[in-house]
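Participant: As a plain string of letters, each chain reads:
There are 2 protein chains.
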Amino acid sequence: MTESNSTPANPGAPDPLERGDERVLDPSNLEEERHALQLRFEELLEAGADEAVRDLALDLSPGDLSEILRPLSVADTTRILGLLPPDPLAEVLSEIDNRSLSTLFELLDNEEIADIIEEMPSDEATDVIGDMDPEQAEEILAAMEEEERGEVAELLRHSPESAGGLMGKEYTTCLETDTCGKAVALLRSLEEDDLEETHEVYVVDNRQRLVGSIPLFKLLIAHPETPAIEVMDGDSLYVEVDLDQEEVASFFRTHDLISVPVVDHQMRLVGRITADDVLDVMEEEATEDISRLAGVSVAEFGEQSAFRVARSRLPWLLGALAGQLGAVMVMGHFEHSLQAKLALAFYIPMIMAMAGNVGIQTSSVVVRGLATGEVDFYRLGRHLLREFGTAILTGLVIAAGIFTISFVLETDLALALVLALAMMLVVIFAAVVGSGIPMLLHRMGVDPAVATGPFITTANDVASMLIYLGIATVLLSLGHPAP
Amino acid sequence: MTESNSTPANPGAPDPLERGDERVLDPSNLEEERHALQLRFEELLEAGADEAVRDLALDLSPGDLSEILRPLSVADTTRILGLLPPDPLAEVLSEIDNRSLSTLFELLDNEEIADIIEEMPSDEATDVIGDMDPEQAEEILAAMEEEERGEVAELLRHSPESAGGLMGKEYTTCLETDTCGKAVALLRSLEEDDLEETHEVYVVDNRQRLVGSIPLFKLLIAHPETPAIEVMDGDSLYVEVDLDQEEVASFFRTHDLISVPVVDHQMRLVGRITADDVLDVMEEEATEDISRLAGVSVAEFGEQSAFRVARSRLPWLLGALAGQLGAVMVMGHFEHSLQAKLALAFYIPMIMAMAGNVGIQTSSVVVRGLATGEVDFYRLGRHLLREFGTAILTGLVIAAGIFTISFVLETDLALALVLALAMMLVVIFAAVVGSGIPMLLHRMGVDPAVATGPFITTANDVASMLIYLGIATVLLSLGHPAP
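Taken in sequence, the protein lines are chains A and B.
Just so we're aligned, residue 1 is where the first sequence starts under my numbering, counting upward by one.
Just so we're aligned, residue 484 is where the second sequence starts under my numbering, counting upward by one.
Simulated from the structure, these hints should not be mistaken for lab results.
Glycine included, each C-beta is placed from N, C-alpha and C at the ideal position.
Be careful, since some hints might not be right.
These stretches of chain B come out as covered by chain A in the derived footprint (C-beta under 8 Å, 3 or more residues) [said to hold, decoys possible]:
1) 831–842
2) 874–882
Partial pick of chain B residues on the chain A-facing surface, computed with a CB cut under 7 Å [what the hints assert, rightly or not]:
3) His518
4) Leu670
5) Asp739
6) Thr770
7) Gly785
8) Ala789
9) Leu800
10) Gln807
11) Leu825
12) Glu857
13) Arg862
Just chain A, same shape as in the assembly (with noise of 0.2 Å):
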């Protein structure tokens, strides 16, 4: 262990499949290495080579492992880990897919599978039981021993997306009549998998209310007979168990937290949430965001069948094509003065492209920008007016261009003009709608993201549709639209 080439992790290790202690993939050459191990998997699958599977499996650390499975077939995951013993096997479970968790589970009988949920953290297992139907969620828990089982029973009445949802049991308390030796005592009793996300031992009254918190090391540096009271943060942060996950995330980022205990309505601490639980809601909610504005659903993650891929994506792609019929309707309206002058038909492309593009810009700053606290609601004129500015700017400069590009083109004043102006406009209305549209929802206290996509790229289309036929056939004396 003092030689540096012989450390165990052992980063920039060629061969892949080297053995010894638990080995860590290489985060630099991740990509490489996961996919060596998952056509080692296959191979020795394939060849029936079980006991080598198990060796493999058991040499990977539980994240890597279940990172390695994700891309592999129900069918091939299930085989692996129905080799594996219970302990490491929790470990994997919680970053199972569903549906390779449910085959797995359809393998085992409910004995065996309350084995491996105790054997979880709590909150993981929270979200395992969870996700299963109620009555073998029933089952289950009626298998588990009564701690376990408590703890999970208590964590599912909370909303899976609040800090009750993401708080685990396993924390220490000390009451605040305690000395810091007696803290160590009581730490000292605990089992090592709980102490691995014990950060700080936290202080509490007779009643179980929240009084204080003591970090790690404080204990360490502290006189065991000096009271707990006097080594405590007694301004020590802390989360209420309704809190949303999202603003769970963050109150961790704007005071730097690596834990924080939860309580209830009367200050009686229920539970706690590690930084790591909070890495993971940052990645979901960031996906979810992304994914709203693009229109996809978050399940279609990691789905590898078309059919349910299709099947999420087409209520939006209908909605959008619903929403078009506006824009043809419009168009239609239009007809005499698009059969006048054929040539305004060439640019209707680049006037809902813009307004498609300004559309997007600006619902998609004021989306994130609420998410990570840069808009709020007080801000919301402000913004709304320096997206106004920001449209005359750009809507000026656009307008110069497609004025200067159809001139070239057309070499015809008037449509250049008309062009011009429309451009300016839409690329005005855009950004009024696309800033304006998700504000509104904030306010009305809908999610932004959810409807963005769909209401603003229908209002921006056909608006702009309106806008531009309807000043050409003003200003171009086209005669007036059809009935």
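Position chain B against the provided structure of chain A, taking the given hints into account.
Facilitator: Showing chain B alone in chain A's frame:
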């Protein structure tokens, strides 16, 4: 301290201006509380009540204060910060935007600035100095005390987006020959500020090479005479100093880490990264991906000048305009067809918008999938196949939609069939381009989020016009296109 209603943080407090210990804003009612405090600050500044301003600022946690200051003007921010003593000021500074920071620093001499920066954690001090112009950075460094200067100078050598750019120098090491009691004694000799970010003691050999790490809880429960190497995790995880920050974040998530040691290529310990820094990285990377997909710049978040925002958005918009020129020219090429059948023009928006929607859906899924690891180099082929299947299925449904709409509106069976066929092909083309281009960029080593938006938009607009008008001209026998 024994009554729950006298607990210090007291998040349910209705009056946001209540005094007492350092207070923390209620995370479930942040926008409102922050806004009230912003107004209060502006009011007090207007009244010239400097002392009240300072009291109010000192009353808030540094995290909350920096969030409250964000929307205030540079002048107001600078005035408030100028009233604070170096210690709380240092904690707020790393969260303040660059313009407020440089305005504040203009009011101070280098000696004063150095005093403030010395109070900051080394990673944050490095970020602040790294953002200065090189000459000022030199001067500040020269004015700093030797120990802090050495740390910051070393950290400045690493790319801000690498593990070296994220890491701090606040960690404790013991030798592999030390006992646990010695490790605790080493911790006792540190200042409390440095201990706050300490979650483990690193064990090194006599050449500073990382041998293992001891979580604090193990030191608490170990006997003082136990050798450190007996309680340490020998297979502890670490990252190398030049690992990209996005990969550091993914390493934290895979292995559920709270902190990780950073080593150089000789395995020598050079720093440590904590989960709170990784939370910031994830926030930053997600904002970057969303911004790039939407064609906006990360710099515009928090930017209040419409002029600067317009300048950052215009390149993208003008690029899209130039791309649109292609679509205009395609339509000019098919002028005869459009003249022969004007109804063709009405459906251009529908076809183009659908190409745009499918392009955004497919490219966002690839870009996000590459960021989270759902899609990787070795799974590109499989993902492309999935998208191809999805495109055929969604294409069929949308083609049926446009067939029905156009047949009802135009009662022209041939036109309806042409539209259905063109829609089908356009959806498939857009899906292949939308998934293929980001994959190709990834293979070429380019961040796919950077170039995806403009490329895909332009390719889809031009190609969808070519496909649609080409099919219509041939199948409806509208004569040869113009030369």
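Participant: Take the hints in turn and mark each one as holding or not.
Facilitator: Do the hints match the structure? See the list:
1. Here's how the segment 831–842 of chain B fares: 9 of its residues keep a CB closer than 8 Å to some CB of chain A, so the rule of at least three is met and the hint holds.
2. Coverage of a stretch by a chain is defined here by at least three residues with a beta carbon nearer than 8 Å to that chain's beta carbons; for the segment 874–882 of chain B and chain A the count is 5, and the condition holds.
3. Interface restraint check: B:His518 against chain A, minimum CB-CB distance 4 Å, threshold 7 Å, status holds.
4. Look at B:Leu670: its Cβ gets to within about 6 Å of chain A, closer than 7 Å, so that hint holds up.
5. The interface hint given for B:Asp739 holds, since its Cβ lies 4 Å from the closest Cβ of chain A, which is under the 7 Å cut-off.
6. The beta carbon of B:Thr770 is positioned within 7 Å of a beta carbon in chain A (closest approach about 6 Å), and the interface hint is therefore held.
7. With a cut of 7 Å, the hint placing B:Gly785 at the interface with chain A holds, because the nearest CB-to-CB distance is about 5 Å.
8. For B:Ala789, the interface hint holds, the least distance from its beta-carbon to any beta-carbon of chain A being 3 Å, beneath 7 Å.
9. With a least beta-carbon distance of about 6 Å to chain A, the hint placing B:Leu800 at the interface is held under the 7 Å criterion.
10. Nearest Cβ of chain A to the Cβ of B:Gln807: about 4 Å, under the 7 Å cut. The hint holds.
11. Given hint, B:Leu825 at the interface with chain A, holds; its Cβ is 6 Å from that chain's nearest Cβ, closer than 7 Å.
12. The interface hint given for B:Glu857 holds, since its Cβ lies 5 Å from the closest Cβ of chain A, which is under the 7 Å cut-off.
13. With its C-beta approaching chain A no nearer than about 6 Å, B:Arg862 sits inside the 7 Å limit, and its interface hint holds.
The structure is consistent with each of the numbered hints, conforming to all of them.
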